[in-house]
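Could you build all of it, start to finish, from the sequences and the hints given here?
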Amino acid sequence: MTWMIPFLTFAVLGFVIWRVYAHVGGGRGGDFNLVDANGKQSVGFMDVAGVDEAKAELAETIEFLKDPEKFGRLGGRAPRGILLSGPPGTGKTLLARAAANEAGAPFLSVSGSSFQEKFAGMGAARVRRLFTEARRLSPCVIFIDEIDALGRQRGRGNDSASADQDQTLNQLLVEMDGFDQHSGMVIIASTNRPDILDSALTRPGRFDREVAVNLADAHGREEILKVHARGLKLEEGLDLVWIARGTPGFSGADLANLLNEAAIAATRDGSEAIGRKHVEYARDKILMGAERQGFMMDEDERYATAVHEAGHVAVGLAVKNGDPIHKVSILPRGRALGVTQALPERDRLMKKREYLEDQIAMLLGGRAAEQLLLDTMTAGASNDIERAVEIARKMVAEFGMSPLGPIHLGKPEDPRSQALLDRVESATSDIINAQMKRALEVVDAERESIARLVEGLMDRDTLEADEIQICFGLKKSAQAA
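If you count the sequence shown from 1, position 57 lands on 1233 in our numbering, and the numbers rise without skipping.
Among the hints, erroneous ones may be present.
[Said to hold, decoys possible] Using 27 Å as the maximum straight-line C-alpha spacing, the simulated BS3-like pairs for lysine-lysine come out as follows:
1) K1570 x K1528
2) K1231 x K1402
3) K1402 x K1453
[To be verified] FRET-style restraints, in silico, Cβ to Cβ:
4) L1408 x D1551: 49 to 57 Å
5) R1563 x R1636: 25 to 33 Å
6) K1496 x M1553: 23 to 31 Å
7) R1369 x P1591: 18 to 26 Å
8) S1602 x G1446: 55 to 63 Å
9) K1496 x P1582: 20 to 28 Å
10) L1580 x R1452: 44 to 52 Å
11) M1222 x K1409: 15 to 23 Å
12) D1474 x L1596: 47 to 55 Å
13) M1473 x P1582: 44 to 52 Å
14) K1528 x A1449: 38 to 46 Å
15) P1579 x K1409: 55 to 63 Å
These aren't lab readings, by the way, just hints derived from the structure by calculation.
In this text, a Cβ means the ideal position worked out from N, Cα and C, and glycines have one as well.
This is how it looks when you write it as structure tokens:
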């Protein structure tokens, strides 16, 4: 029976080793997602809109996959890797799939986080298997989503996890150096944080190009809406241009969600098609949060909320450089008891100091109304104050818009003196106090208009732009006319 102990020991070790290798991708292709081995996918460039510049950059990649010898005829070298960078939801993954489809090449997709393993060395092994599979499928596109999980700057820590991550990145660098321009392989990667990637990864010869996939402008949003509106039944009077102009800052994913929420709302109320009211409902839900059904405030809380929101509106209408007030509501949404919605009339590519100051003043308008009209202060202004201070601090410490001059504090770990930090905080407080004074002056001057707005909110919960302007005498009511 003495042979049983070593036998069981080896059996257990063998089972553990088998489970480890099965976990890290023992099967063919491992954990890599091969979308279509024949290069026939459902997504093409016709399905990607609002990012024309990025599509043009990828066109040369398509030419390389179709004709790998083309670039070598004149002595040039085709790009080995393309880094797609930009905010979430702008279509980076969609672009990569469309490029592979246009070239008729297989699309091998993997997430950067999938290379992180609890067993040392497994991440590097997975990189080797990825490129082995890609060579077998060549010509093909390798897509690494969220590469910042794999390609962060090396040497950040001395622990074993950091060392293993560095080893995985080193293996990726070796593999990218190991294929030539005739291999028929292109690596496309996406990230929201190009600033944290290792410099050896982004140098020419590895990721030769960085393509910015930014938020679309009004025309781009219109084109994106046209793509997502395919198959949806829209009312004849629903103008996609109107939707595009009213959704600045929306990504492609946001716009797809907007139309989907509108379709759900139209289905819920039994409509034959998606109309303007359904789009308005969907936009309010995305921007302000869903209404908290069944949540009841007593009359004192409703009145305090109405006064607070009326303060925002009063200051928002008084400032010259702010965004137009679109809607105000005292219906609880998300974590807020009330919401004032201001929508830009156009995409702002550059924010001036006056615009930022007006934003701060409007944010502080609610607290100003509480102090003057309720003779108290509520915790409802906490988020407003947080956002106002954040803007003011950026004005001082990043944008150089204060008497301190053009200074930039940089990253939190960068060295800076306590004296400088104290001066930054003092300048930030000066901006906040100056805009608070403006807000108090506006609220004091608009007491009667605010009272009319509060009365309307107490009666109807939500007021649109036209009704708001009537309360402040900026527009005559239909009855008065």
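Fill in: Violated hints, by number in ascending order, as checked against the structure
none
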